[in-house]
Structures are given as C-alpha cells and as structure tokens.
Amino acid sequence: MNSRLAEFFQLAVRQLFRRKFRVILTIAGIAIGVAALVGTVALGEGIRTQAVDAIRTQSDLTLIEALPGAQGNILQLVTPTRAAAAGALPGVKASAPVVRGTFATRGQTYVQVVGVPADGLEDVLHPTYLRGSGFLSGSNEVVLGAALGEKLQRYEGVRIGDPLILIRRSYDAQGRPFDEETTVIPVGVMEERGDAFDQVLLMDLDLAIGLGEGESGYSGLLIRAEGPDRVFSVAEGVRGIGLSPRGSFEQIEAVNRMMDMVVIFLGIFAGLSLLVGGLMIASTMITSVYERTREIGIAMAVGASEGDVMEMILAECAVLGFIGGMAGDLLGVLFATVLNALGGPFLASRFGDAFAGLLDTEIALVTWPLLTAGLLLAVGLSLLAGLYPAWKASRLNPVEAIRSGR
Amino acid sequence: MSIPLLETRALSRHYPGGVRALDEVDLRIGKGEFVAIVGRSGSGKSTFLNIVGGLDAPSGGSVSIHGRMLDYSDRRALIAFRRQMVGFVFQQFNLIPSLTASENVEYPLLFNYRPPAERQEKARQLLAMVGLGDRASHYPGQLSGGEQQRVAIARALVADSPLILADEPTGNLDSQTSEGIFSLLQRLNRERQVTLLVVTHERELASYADRTVEMRDGRVVA
Ligand SMILES: Nc1ncnc2c1ncn2[C@@H]1O[C@H](COP(=O)(O)OP(=O)(O)O)[C@@H](O)[C@H]1O
Ligand SMILES: [Mg+2]
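Protein sequences appear in the order of chains E and H. All the letters of the first sequence, read from the start, carry residue numbers 1 to 406 under this note's numbering. All the letters of the second sequence, read from the start, carry residue numbers 1001 to 1222 under this note's numbering.
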C-alpha cells in the first residue's frame, strides 16, 4: 500500500512535468504565499525577541513585587501567611515584605517611603550604591533611590550622613490633620535602576512600622526569582496565592500580547496570498482533470478504483504543495537574510544611534518550527484545494471518459 | 458445451429517448474461443463490450463469467472484475502518453498491488512477445500506430485476465498493419489460450477468428 502510494507520487511528478509552465506558475503562487507568511512571522518574531531582550537587559526582570490582590470583590491582603507561602514558591530565591507610606520633607518634597528588612534589601533588591552603603537593622538610617537622592541634594542640599526630617500627616479622631516629624539619616544613594525604586526612600521595616505604616498588613512582598526563566512561573504562583504580581515581566507580557496581535494580523494578510495559491492549485488541477479525462477513464478501465483515482490526483496536489512550500520557505529565508543584512544598517543610518543595536542583530527570526509550519500549511492547503478536482475525477463515467476526445 | 467462460442472457441496454443499444442479447463464449463481432456502426457492439467488461451497466438481463453472475450494483466487485477478469484494447490505443511502453504495460498491475520487480519482469516478457522488446523505454508518441496497439495488447494481457475485449483494435490502422495485429491476436489465442472477443467491421479480418457473431440494431443476428 505504501509503496503504491510512493509510486503514485512518482507518477504525479511526471504528470506535473508534462505541464511545466502551468505547474511552475502554480508552484510560484503557493511559494509566494508561504514566503509571505514565513517572512511576516519571522519579522514579527524577530521584533518580539528584540523587544523582550531589550527589556531583559534594561530592567531588573527577576524582581517581582506581590501586591494585595482582588478575588471577586474581596481584597487579599499581604498577610504574613501569604508572604510565607509566596516566599516558599518554587523558583523564588529570596523574598522580603515591604510597607509603603508617603512623607514630605520640610522643603515640601513628597517622598515615597518603603520599609524593608535590612537583609531583605540586600538579598532581594541587590542594590549597588553610587555613594555610601545600606542601612543597619534597627537603626534610623535610610537609603535613597538615585533620582530621589539627586533631587533632594539639588533642591534641599541633603547629603549623606546629614539628618533629614520626614513629616507624616495624620488625622485625629475629629478628622483634623496633624503632622508628626521623624529624623532619619541617609547613609546611601543607590545607582540608577530604571525602575520605581529610583524614586523611593528605603528604610528598615521596623522603623516604618514604628512610624505607623503597615497597620493593615504589609503593602507588598518583594520577590527575587531564581532566573529569568522562572519569573513567569513565580508570577503565576503569586497569582495562585491570591496576590497581584508586578514587575518588568509585565512589560514582556505586554510586548508578547501586542506582538501576538501584530503577527496574527500580518499573518492573516500573508495567509490570504497563500489562499490565492490554493485557488491556483484548485484551478490547475480542475484543468488537469479535464484535460486528462480520457486517461482517467483508461485507469478505471484497467482497474483503478475511485479511491485510486482520488489518490493519484491528490498525490499531484501534495507534490505541488510540497515543492511550493519548500520554495516558499527558501524565499522566506532569503527575505529574512536580506532584511537582516541590509535592514539593520539601514535603520541605524536613518535613525541614528538609538538603532545602533540593530546593526548586528537579527530583525527577522526564522525558526525551524516556522519553516515546518509553512511547509505543512502548503501541503495541507494543496490537498484541500485538490479535494474537489479529485472527487470530480473519481466520479467520471469510464465509458464517456474514454470516448471523450481529451 | 461445459460452463462457458462468458454467458449473457437477455442483455439489454436502453438509452433515454427509446434507443435500444442492446436488445436481449444471448451469447455464450467458451474458454479459449476467439470470437469476432461484426456489424454496422451503431449496432451495439461497443455497448456490448463495455457492459461485458464492467465499464457500463445493463438495463436488463445478466452477464455471467465462469457461471457466476456479475453484480453491477456492487462497485467493489465490479472493480475487482475489471482488475482480474478482463483486459481492454481500444480503437484509439489509449496509452498514457507520459508513461513509457513498459510502464504502460505495467500500469494495470499498479492497481493490482503487485510489486514493481514482478511488474517490470512481466512487462518485459509481454513486450518481447508482441515483438517490441527493444521499444520498452519509448514513449507512445515515439511509436507507430501498430506499435502502440501492440503495447496496448500487452497491457491487456498483463494481469493474466482470462477475457480480452478489443473494440475495433485496427480501426485506426492500415490494412497491412491490421493483418499483423490480428495474426498477433490469433497467436496469443493459440499460445496462451486467452479468450478473445474482438469487434471489427472488416469481414476479412473476422476470418482470423474461430467464430463470427453479427449484430444488427442491438441484436445478435448470426
Ligand atoms: N451515451 C449514449 N446515449 C445515447 N445513445 C447512445 C449512447 N451511447 C451509444 N448510444 C447509441 O447506442 C447505439 C449503439 O452504439 P454503439 O454500441 O456505440 O454501436 P457500435 O459500437 O456498434 O457502433 C447507437 O445507436 C448509439 O447511438
Ligand atoms: Mg463502436
């Protein structure tokens, strides 16, 4: 049976060779469709990979903050139990609870305060210091984010080692506001991180709680994932506990969502050209069946069943689809290669240094699964396009077919 | 006569509009017989051959091969019948132009699930027998009409079918080539004991046969 199918394929190739020009046009139709599909998806995937890589290198991807989440209408606070559960998730390297509050300086600068255990600061945030160092546990020492440190120094002359007065506004039982003042000592300014920690003042968790923050549980839980590949599963685990994970991994998720849309959208257009290729196959095969009416009748007279006739026609379609798919994959790879060779330098020269990174990176990313998909799609579509002609051929009346002049 | 190879009883074929292409034909053909069917154009000869060969179905009556009635409503049985029981030779030769002479001879065996080596060997033997051993790799377009018809005869024999049906096999050939084809058919009949049912409208050619059946207006008249 299989060897017979193989022979049908051999026959198919020879049948196709008889109509070289028409067959080449049809194959070109399929190939262009496949190439368009492979090209657009490769471009989309390339851009996606670029963007994700950029996010990875430019941000602290493995840092996640678990915030209170909502399940239905119920707020899920970051209780010590949940914090412990989140800290024990697989893929979590370290975690530290935080409380947050808003203070002001005497110079009317608003300061976001984050209270975090001293060892948690080191284990989870991995801070590097522009000046000074981290705070000691149980002290009133604080660490400033890069942007905040710069701002306080420029406008209020705050320097490391100098006391800094923080004002916290509270309300009494009658709803009248009153201010409490606390003195802290900035002992370090962190290097720029490119995230929200550039804007905050970090202090010991106990100090922050002593100042009245965190009365309704922790504000959040900082989590350090073991590696970039674990971030998404940790985030999922955090969601499972009922908390809401935040971090630069969300940017990757956003990029992926956006690129999914872009790729699907472009893919639909590329798919339309593939559809045209399929219609060409259908048309070629209908013509071919018509022209070979007599031959099909002869095959039936010498013993071909309806199934045999269908298999023979479909084998031709499969060969058309296979060659078209291979050619299309080749064209797609060519397109990607040209784009990668010329596109990067072109963009770099047009848009300057911002795109210099593109010089030696791949804008279009061709993968084996993509090429395989292109090929399978071409063959599948060709078989689909051949169903009607094959069915028509199998229904021919042998007597009339043989008598026909064709 | 013992059980005939082929027996038709009241075999009829009507076309819409009242045409009786076949009208209650009773015919018995013994194993190994060489029968010529003659008759004017339109007398029902092709219709008879097509029905006996399982390409067309009768409107009434029956066809039996080896005493077993052919069931025209059973598609599978009909296909098996075409594969194993009959070999066709047509007026137009009807070779597949994209296949070589040898591949054309093998072609029916492709649908009989025979392995390629066996098929090639069979085709080689048969081509030698019809005198075209040196033309195996030629395409139909490279062969003369008579040569093409010899290839077609080899093709009709390849499945070892007991019954060969030939519909005006020399209708497109000159008289000398026609003689050659009929003497080949006669030789095959004698050497291989194949049963031959051959339509021709030339009386001289019919003399190669053991027996001549004449048809007129869908009936057997002699
Ligand atoms: N498909 C058909 N539809 C209607 N009439 C047909 C058809 N095929 C054959 N006939 C008629 O049947 C009769 C016998 O035809 P045929 O068997 O081809 O004769 P022969 O082969 O002896 O010349 C003729 O009258 C012919 O016109
Ligand atoms: Mg006729």
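Please keep in mind that the hints were generated in silico from the structure rather than gathered at the bench. Ideal Cβ positions, reconstructed from N, Cα and C, are used throughout, including at glycine. Don't take every hint at face value.
Examples of chain H residues toward chain E, derived with CB under 8 Å [unchecked claim]: (1) Val-1019; (2) Arg-1020; (3) Pro-1108; (4) Tyr-1139.
Taking lysine to any residue and the SDA-like style, the derived pairs with C-alpha atoms no more than 25 Å apart in a straight line are [claimed, not checked]: (5) E:Lys-392 / H:Pro-1097; (6) E:Lys-93 / E:Arg-56; (7) H:Lys-1122 / E:Arg-4; (8) E:Lys-392 / H:Leu-1143; (9) E:Lys-392 / H:Gln-1193; (10) E:Lys-20 / E:Glu-7; (11) H:Lys-1122 / E:Arg-56; (12) E:Lys-20 / H:Asn-1112; (13) E:Lys-93 / E:His-126; (14) E:Lys-392 / H:Ser-1073; (15) E:Lys-392 / H:Asn-1112; (16) E:Lys-392 / H:Lys-1122; (17) H:Lys-1122 / E:Lys-20; (18) E:Lys-20 / H:Pro-1097; (19) E:Lys-392 / E:Met-259; (20) E:Lys-151 / H:Tyr-1139; (21) H:Lys-1122 / E:Leu-5; (22) E:Lys-20 / H:Ser-1137; (23) E:Lys-20 / H:Pro-1016; (24) E:Lys-392 / H:Ser-1137; (25) E:Lys-392 / H:Asp-1056.
Derived coverage of chain E by chain H (criterion: at least 3 residues anywhere in the stretch with Cβ under 8 Å from a Cβ of chain H; other residues may be distant) [stated by the list, open to error]: (26) 14–28; (27) 300–312; (28) 393–404.
Q: Determine which of the earlier numbered hints do not hold for this structure and return their numbers in increasing order.
A: Hints 1, 2, 4, 8, 9, 11, 12, 16, 17, 19, 20, 23, 24 not satisfied by this model.
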